[in-house]
Amino acid sequence: MADIAESLAEKQKEISVSEFFERNRHVLGFDSMPKSLITAVKEGVDNALDACEEAGILPELYVELKKEEDNEYLIVIQDNGPGIVRKNIPKVFGQLLYGSRFHAIRQSRGQQGIGISGVVMYGFLSTGRPARIVSKTKGKSAATEVVLRIDTKKNRAEIIKEDVLLWDEVEHGTRIEVHIKGRLIKGKQSVYEYLRRTAIVNPHTRITYVENGTKYIFERATEILPRSTVEIKPHPYGVELGTLIKMLKSAKNRKVKAFLTDEFSRVSSSVAEEICRKAGVDPSKKPAELTPQEAKSLHRAMNKVRIMAPPSDCLSPIGAPLIKKGLKNVMKEYKPEYYVPPVTREPSVYRGNPFQVEVGIVYGGDLPKDRPVEILRFANRVPLLYQQGACALTHAVERMNWKQYGLEQKGGKGIPSGPAVILIHIASTRVPFTSEAKEAVADIPEILDETTKALKECARHLRLHINKLQKKKKTSEKFVIVRKIIPEIARKSAEITGNPVPPIDRTITSIMGVLWVDDDAKYSKNGYDVSVKVINYTPKRLRIPLYLDIEPEVVESMEPQAERDGRGLRYDLDLQSTEELDIKLRLRLEKGEYSMDIYTDKINPVLVVGADPLPGDWDIEAEKVIVSGAEVSGDE
Amino acid sequence: MSEQSQSEAVKELEKIAEDIYRQIKEGKIPEMKIPVRTKNNIVFDIRHGVWKYGGNFGKRSAKKLDGAYMLLRTLYILDFIKEMIEQRKSSTLREMYYISEGWNEAKFHAQDESNNLVEDLEIVTRYMREDFKLRPEEDGARVIGNITINETNRKGVKKRINCRDDVGDSGYTIPYNVEREKIEFLDVDADFVIAIETGGMFDRLVENGFDEKERAVLVHLKGQPARSTRRFLKRMNEEMGLPVVVFTDGDPWSFRIFASVAYGAIKTAHLSEYLATPTAEFVGITASDILNYDLPTDKLSERDVDALKAELSDPRFQTEFWTSEIKAMLELKKKAEQQALAKYGLDFVTDTYLPEKLSDMGIL
Ligand SMILES: Nc1ncnc2c1ncn2[C@@H]1O[C@H](COP(=O)(O)OP(=O)(O)OP(=O)(O)O)[C@@H](O)[C@H]1O
Ligand SMILES: [Mg+2]
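Protein sequence lines correspond, in order, to chains W and V.
Residues in the first sequence are numbered consecutively from 1, following our numbering.
Residues in the second sequence are numbered consecutively from 1001, following our numbering.
No lab work stands behind these hints, which were simulated from the structure alone.
Cβ coordinates follow ideal geometry from the N, Cα and C atoms, glycine included.
Hints should not be assumed to be uniformly reliable.
Restricting the straight-line Cα-Cα distance to at most 30 Å, the calculated cross-link-like pairs of lysine-lysine (DSS-like) are [as the list claims (entries may be wrong)]: (1) V:K1052 / V:K1011; (2) V:K1267 / V:K1107; (3) V:K1064 / W:K472; (4) V:K1011 / V:K1028; (5) V:K1063 / W:K473; (6) W:K403 / W:K474; (7) W:K533 / W:K602; (8) W:K602 / V:K1063; (9) V:K1107 / W:K471; (10) W:K474 / V:K1064; (11) W:K473 / V:K1107; (12) W:K484 / V:K1011; (13) W:K484 / V:K1059; (14) W:K473 / V:K1059; (15) W:K403 / V:K1064.
Simulated coverage check for chain V against chain W, where a stretch passes if three residues somewhere in it have a Cβ under 8 Å from a Cβ of chain W [unchecked claim]: (16) 1015 to 1024; (17) 1028 to 1035; (18) 1074 to 1081.
Kindly produce the complete structure, drawing on both the sequences and the hints.
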């Protein structure tokens, strides 16, 4: 017996993490040729954006994909981030589970410390070629160049070449070059699509993408960096027993009570006392001296006591204005008729981890009408392209009844169909993915709930819009009746009977009975010519205000003159029954930028077609968002 | 269709325009009332023995887009008719449809629309489209039999025609106007009229000499018969005292052909007393014939089944004979053509089938 045990022990070698992942590379997202390329780009882009944002730099990314041999590509990812100091380069790129974020509780794209080294490893495994890294930190005159591969047995970098080189065109930044086996495809799961979606939720980023010589540029839509996130201490609700024991062992505090208040967020001294009392642990005992039994009851008590939700400044949502900007920036080609006001939910908590859900919907225009809607999923501003069916964000869409919101849905379940795109973003200090490849969000009840609430809130606006369209269609039929047919009927009946043409005002007002507002905009030469027709089809004289929700700054000319009011313009209407007013505006706006809501006040809203009641926040200036020449361009 | 009736028709049409004019002048939304033209609004007129429109009226209002278009078109048609009468011209329904191309907002998008609107005007004014100088296309239904008529031709000359001896194999063609000023019945030497659905069967009866052998007048219906064909049948029945029998295929559509000859068509129920021959009898193929004569059949299509079911709730078919035959056909799930009788030879229809049925009816 002893012999067998010994010979077994001889064979029991330590399996290094690298070796493990070499055998299980699907876990890292390298399970197919097309996917390998996207995963590699994604890991590099995630890191670049994380690094830039942390350093407060507006990201400027360069991504290149070049076919070298059959199914072999060179991938270049370059950023203008803070750079990586020389001694860390081998660890970052050559050692799995090395990262700065694993223990930090704040929102970032990277979570695990395996992303980029996984790419280097897979590149080496699939092509036998090492990776080249060039990095330059601020203030340095030269950059470091390292060529390396991973020794999977030792989980360590094997440096092939290290050098110093001049890299004058950048002040600071990192450039990675890896060779990798893969296949380039088009469509929904392509590198291009990944970058396009990245641009939607990172409107502060400029991305240049060169695919086999073809260059695409995703311009910035804003100069504002996302709010920088604050690192927080773990919340008691989220901590696992093993982690707690480790923390206790290494604690420098003298007393358990102080340990609890110092090492966790939202634990006041009274909360700490309550935890100790519930756990039957002496609050003044030394943390390192707790028995395993005591640690266990402490853990249990921590999850039982009522504790405030974790602070949310560790999260950085995109925010409604930028979601809209980001969507507009990349959806232009479909000329959507409506960008539903995006919804950003208040932060919430699952298992002690703060998270926040955002939803945006784009509707109409050239989007396909009879296909399932497209769902754009994002986690911490990273697009999720795979495993749509396994993702909580999708499940939240599927379990909603969309018919009541104006979209088709067979059997009242599943992904709805119609001319719409639904964007869902979850931001969290720890996104609960279903696997290390970070492709789908796990079905956590709290996350499903919040997502559903956000979807419903957004969908309500969609329904209002669709209702408005239907009402408009009905009334535009009436418009044809009163503008074209009734005058003809009057003329013809007079002609046949040999009478003078009768006045038609009263007939027309009894058919319409509303104040009719209709706006029409045409783009020409760097601006829009807008005409707003207002006709009083009620039987009475109307003296009410009409508001145009447009920044007065973009108005080049208007006829007649309006008053500035709240965040836009105001006309004081005075129209007799059947009298009309034609308003002409010239707006300095980019193509696709036009959208102008029209409001009325002091009139029963059912008597108005084509304008909404004045919203309560009319007098509050809209959040200022800087507009730049946002354009997606592709050229050879 | 005298000058007088035409000018009275114009007066009636003007009344419609005056009504619309008055409504606008009073600030109302113009509308027009028209009887509902579906099987749910036909009632039996005991005095004439035919089915006519009942008292349900529908409103055609300018409040709705469709209604507004219809009112405008109505006015354009009125104007057009007035002008034709003034200029002593006439046009076909199809010509009017094409002329409406120039009516801007009022133009029609299909000829059915304009035909229907003319029928509406007939109903509202109680005049016929001939009074409006509108006529259908010549449809060329044919007659063969020993009946002699006087037709006033387009030069105003009366022509005496015997519909057996003075015509070729295709017979005498019924013109669209069969009123007295155009056609007079002079003499007849026959015992009954047989109206036949299909051209093939009409030719079979001609070839077999059925008209002479059984002393019959043969009339080809050409599917759903035109007004003039139905009017011609009715006049032969009323003025010459000839019984009429209708010989059709055995399917729901053929039953409707019979109903329109005998009881009046739903589309023209306002003219039923003028077009329908209430004493007409059915000698067409029935479900019982399919069984009794073991005829070759086709399966009822879904549309056939729906049509049969609709007939069960059509007031015109509420007789014992029809309800039992329709139900039998639904059960059988089969239909048959009249030419299926050829299974037993080309002479079977004239030697056996018709003589058997007609003597059952007491006609032979
Ligand atoms: N372009 C870069 N510029 C600056 N620092 C970088 C860059 N890329 C990586 N790093 C650093 O290297 C660390 C390891 O990166 P890696 O992608 O392996 O893990 P991660 O991003 O922390 O987590 P994940 O496995 O989820 O991607 C990062 O945490 C970051 O500190
Ligand atoms: Mg990473």
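Hints versus structure:
Restraint check for K1052 of chain V and K1011 of chain V: satisfied, since their Cα atoms lie roughly 25 Å apart, inside the 30 Å limit. The hinted pair formed by K1267 of chain V and K1107 of chain V meets the criterion: a straight-line CA distance of about 22 Å does not exceed 30 Å. Taking the CA atoms of K1064 of chain V and K472 of chain W, the gap is about 15 Å. The hint holds against a cut of 30 Å. Taking the CA atoms of K1011 of chain V and K1028 of chain V, the gap is near 23 Å; set against the 30 Å cutoff, the hint holds.
At most 30 Å may separate the alpha-carbon atoms for a hinted pair to count; K1063 of chain V and K473 of chain W meet this at roughly 15 Å. For the hint pairing K403 of chain W with K474 of chain W, the CA-to-CA distance comes to about 21 Å; that is within 30 Å, so the pair holds. Proximity of K533 of chain W to K602 of chain W is assessed by CA-CA distance (about 19 Å); at most 30 Å being required, the pair is judged to hold. Under the criterion of a C-alpha separation no larger than 30 Å, the hint pairing K602 of chain W with K1063 of chain V is consistent with the structure, at around 27 Å.
Between K1107 of chain V and K471 of chain W the CA atoms are separated by roughly 27 Å; this keeps the pair inside 30 Å, and the hint holds. At most 30 Å may separate the alpha-carbon atoms for a hinted pair to count; K474 of chain W and K1064 of chain V meet this at roughly 10 Å. With a C-alpha separation of about 22 Å, the suggested pairing of K473 of chain W with K1107 of chain V holds against the 30 Å cut-off. Distance check on the hinted pair: K484 of chain W and K1011 of chain V sit about 28 Å apart at the alpha-carbon level, within 30 Å; holds.
Proposed proximity of K484 of chain W and K1059 of chain V is supported: the alpha carbons are some 21 Å apart, at most 30 Å. The suggested pairing of K473 of chain W with K1059 of chain V holds, with an alpha-carbon distance near 23 Å, which does not exceed 30 Å. Distance hint between K403 of chain W and K1064 of chain V is fulfilled; the C-alpha atoms sit about 28 Å from each other, no more than 30 Å. With 6 residues carrying a beta carbon less than 8 Å from a beta carbon of chain W, the stretch 1015 to 1024 of chain V meets the three-residue requirement, and the given coverage holds.
Here's how the stretch 1028 to 1035 of chain V fares: 3 of its residues keep a CB closer than 8 Å to some CB of chain W, so the rule of at least three is met and the hint holds. With 4 residues carrying a beta carbon less than 8 Å from a beta carbon of chain W, the stretch 1074 to 1081 of chain V meets the three-residue requirement, and the given coverage holds.
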